[in-house]
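Peer 1: Sequence:
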Amino acid sequence: MRILLLAGAFNSLTQRAYAELADRGHHLGVELVTRGTPLAALVPRHAPDLIVAPMLTTAVPREVWSAWPCLIVHPGPLGDRGPSSVDWAVHLGAERWGVTVLQANDEMDAGDVWATVECPVPEVGKSDLYRNEIADAAIEALLTAVARFASGTHRPQPQHALPAGRLPGRPRPPLRQADRRIDWSTDPTETVLRTLRAADSRPGVRDELLGGTWFLHGGHPEGTLTGRPGDLLATRHGALCRATVDGAVWIPELRPARAPGEPTPVKLPATLALGDRLPPLPEVPAPLETCDGPRTWTDIRYHEDGPAGFLRFSFPGGAMSTDHCRRLLAAYRYACTRPTTVLVLGGQRDFFSNGIHLNVIEASADPAAESWANINAIDDLVQAVLTTTDRVVIAALGGNAAAGGAMLALAADDVWCRSAAVLNPHYRLMGLHGSEYWTYTLPRRVGAETAAALMARALPVTAAHGQRLGLVDRIVDCAAQEFSDHTGRLARRLAASPGVHARIAAKKAAWDGDEARRPLAAYRADELARMRRTFEDPGATYHALRRAFVRKEPVTGTPEHLNAGAGYGGSTARRVD
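If you use the working numbering, the sequence shown corresponds to residues 410 to 986, in order.
Check each hint, because a few of them may be wrong.
To be verified - The following label-pair restraints were derived from C-beta to C-beta distances:
| hint | residue 1 | residue 2 | range |
| --- | --- | --- | --- |
| 1 | THR746 | PRO580 | 56 to 62 angstroms |
| 2 | SER906 | ARG704 | 48 to 54 angstroms |
| 3 | ALA739 | PRO583 | 39 to 45 angstroms |
| 4 | PRO583 | ASP935 | 48 to 54 angstroms |
| 5 | GLY621 | SER475 | 46 to 52 angstroms |
| 6 | ARG579 | VAL693 | 41 to 47 angstroms |
| 7 | GLY922 | ALA857 | 17 to 23 angstroms |
Said to hold, decoys possible - Capping the alpha-carbon separation at 25 angstroms, the derived lysine to any residue pairs in SDA-like fashion look like this:
| hint | residue 1 | residue 2 |
| --- | --- | --- |
| 8 | LYS961 | MET839 |
| 9 | LYS961 | ASP432 |
| 10 | LYS961 | ARG590 |
| 11 | LYS917 | PRO907 |
| 12 | LYS961 | ASP732 |
| 13 | LYS916 | ARG939 |
| 14 | LYS961 | ARG589 |
| 15 | LYS961 | GLY438 |
| 16 | LYS961 | ARG837 |
| 17 | LYS961 | GLU779 |
| 18 | LYS917 | ALA931 |
| 19 | LYS961 | GLY621 |
| 20 | LYS917 | ARG742 |
| 21 | LYS917 | SER906 |
| 22 | LYS916 | ARG933 |
| 23 | LYS917 | ALA739 |
| 24 | LYS916 | PRO669 |
| 25 | LYS961 | VAL533 |
| 26 | LYS961 | PRO672 |
| 27 | LYS917 | LEU903 |
| 28 | LYS916 | ARG877 |
| 29 | LYS917 | CYS745 |
| 30 | LYS916 | LYS961 |
| 31 | LYS961 | GLY417 |
| 32 | LYS961 | LEU618 |
| 33 | LYS916 | ALA931 |
| 34 | LYS916 | ARG927 |
| 35 | LYS917 | ASP732 |
It is worth saying that the hints were derived from the structure and are not from the lab. Given the structure is predicted, the values throughout are model-derived calculations rather than measurements. C-beta: ideal position from N, C-alpha, C; glycine also.
Full structure from sequences and hints, please.
Peer 2: Written as C-alpha cells, this is what we have:
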C-alpha cells in the first residue's frame, strides 16, 4: 500500500514504524507536521491509501481525516486520552499500560479502535519505556491495524460500544510542572524516583538548586549515602547525588531554565551544567566490577561469568562525550586483561550508542575543539575493539544505535541485536563525513555499493533488514527486560564451545592480512582529515545542524531524503534466535 506517515518529529517510534512498514513492502511517504503545516495541500501529493500518525502532537485537520483513512497511534490503553499518557504511566507507578491505534476524528484520542496491545511497565525512565515496551506494543498494534485495514473486511469498534470492562484507561489532563514538583523535605526516594523518571528526557522536573532554576533529568537510586533532605552529597561521573528523606538519588543531567529572549538551554551532565556554582563535593567512585551489596548507580560496569566477560554501559540518550569514551576505553582495556575468551560490549536494555555528545560539544567554549577531542576519543575506543585479537568481541544492542555508535558496534566480531532495535548507520543528516573507522568496517560488512547507499540515503534500518544486509549477525527476539539474560546465555555458550579458540586464531590471521593490505591508521587519517576540515570551518552545515538539534529548533519542513524511497540490496539472512 501507499502509506503516508504524519509525525511531529522523525523520532525513535516514527523511525521504527517507517522501517517496519518498509520491510513489509509498503511504499512510504513522510510529512513532518507543525501547527502551520498545510496538510490539506500536502497530503494529496502523496496519494496515500492510508495515513498513519505514529507520533503526532497536533490534531489532524478534518479536511484530511474525512478524505483519507487516518490511524493515530496513541501510547495509552483503551479509553486513555490526553497528551501525557506515558508520563502518567510512570508517574503513577502503573504496572501495566498499553497502546491503542485509533481512527482520527473530530475529538482527540476518541476515534474508533483498530487495535490495542498491552505492555508491562518496568521501573525505568519514561524515554526508556517509550523506546522499548511502549514501542514494542505500538508496532504490534500498528501492524495489526494495517493488516486489518488492508483486508478490507475489518470494521473498527467505536469506543462507546466497547464493554466498560475493556476500557482500563480514562481521559487525563496534561502532566504539568505543578504535578511534578518534588518536596525534598517530605518525599521518599520512591516518589522522587517516579517523579524524575516520568520527566527524564522531556520536560525534566523544574526545581530550585544553588540559587538557580533548573530542570532535573533522570533519576537512579543510591543505597548507601544519606544526608539532610535536599542537600547535595556527592558527584560521580558528572551526576549529582541528592538526599531524600529516606536515602538519596543520583541525577545525571540538568538543564537551566530558559531566560526571556534567550535560546533554548542545553541539557548537560549535571556537574558540567552547574559549572562554577557547584560547591566542593566528594567524587565518590563506584567499583567497575559488580558485587553483592547496597545498590548504587554507575554508567559502566564489568562482570564475568566463567570464560565470558560483560562490559555493560548506559549513557543518557546514547550520547558519548569525550569523558564517556575515555572512561569506557579504560574499562575495555581492563576487561581485555581478564582471562576470558568472549567479551560482550553493551547488552543493556536501551540505547547502545548514538556516537559523539552533541550537547556537550554545543555548550563548550570551543565547539570545534571539543568536536575534535570527542571524535578522537571515540576513535580510540573503536580502535581498541578492532585490534582485540585474543578473544571474540560481541556488540550486544538491546536498543538503537546510530552514527558513530553504530560503527562502534560494527567494530566487534559479531553484532547481536534485540529484534526491536533500529540502526542508523550514517552521518549525513549532521553534515559529517564520519569517522570511527567506518570506511573500513562498513564496506567489510556489506560491500562498497551497499555501504555507499546506506550513507547516502540516511534511512533507519530494522534489525531484520540489517541482518539481510550483513550489519547484524544474530537477532535476539525477546522483551527488553530479557535481553541481558539472553545475551548472557548466548555468550556463555559461545565461550564454552569447542571451536572458539580456532575462531580466535582465524580472527588474528584475518586481521594481520587486512593490516598488511592497508593499515588501520590510514583509514583513520583519511577520515579525520575530512572531519577536521568540517569542524574548523565556521560555515560548515554541521555547526548549524548541531545547534538546531541540541536546541530543539522546530522543523521547517520535511527533509527530502525521507521521501526518496527505501530498500537496499543485501546479503542473505543469517540465523535468527
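Peer 1: Holds or violated: are the alpha carbons of LYS961 and PRO672 at most 25 angstroms from each other?
Peer 2: Holds. LYS961 to PRO672 sits at ~10 angstroms (cutoff 25 angstroms).
Peer 1: What's the verdict on LYS961 and LEU618, does the C-alpha distance respect the 25 angstroms limit or exceed it?
Peer 2: 24 angstroms, holds
Peer 1: Is it true that the CA of LYS961 sits at most 25 angstroms from the CA of ARG837?
Peer 2: Status holds; Cα separation ~18 angstroms.
Peer 1: Is the hinted pair LYS916 and LYS961 satisfied, with a Cα-Cα distance of at most 25 angstroms?
Peer 2: 44 angstroms, violated
Peer 1: Hinted pair, alpha-carbon criterion (25 angstroms max): LYS961, MET839. Please report holds or violated.
Peer 2: The given pair, whose Cα atoms are some 14 angstroms apart, holds under the 25 angstroms limit.
Peer 1: Has the given pair, LYS961 with VAL533, been kept, meaning a C-alpha gap of at most 25 angstroms?
Peer 2: Measuring from Cα to Cα gives roughly 24 angstroms; hence the hint holds.
Peer 1: Against the range 41 to 47 angstroms, how does the distance between the Cβ atoms of ARG579 and VAL693 compare: consistent or not?
Peer 2: 43 angstroms, holds
Peer 1: Keeping to a limit of 25 angstroms between CA atoms, is the pair of LYS916 and ARG933 held or broken?
Peer 2: 21 angstroms, holds
Peer 1: Taken at face value, is the distance from the CA of ALA739 to the CA of LYS917 at most 25 angstroms?
Peer 2: At roughly 23 angstroms apart (the allowed maximum being 25 angstroms), ALA739 and LYS917 satisfy the hint.
Peer 1: Taking the beta carbons of ALA739 and PRO583, is their distance inside 39 to 45 angstroms?
Peer 2: 44 angstroms, holds
Peer 1: Please work out if LYS961 and ASP732 have their alpha carbons no farther apart than 25 angstroms.
Peer 2: Holds - the C-alpha atoms of ASP732 and LYS961 are around 24 angstroms apart, at most 25 angstroms.
Peer 1: Decide if the proposed pair is consistent with the structure: LYS917 and SER906, CA atoms, cutoff 25 angstroms inclusive.
Peer 2: Within the cut-off at roughly 18 angstroms; holds.
In this structure, the earlier hints numbered 2, 9, 13, 24, 30, 35 are contradicted, and the remaining ones agree with it.
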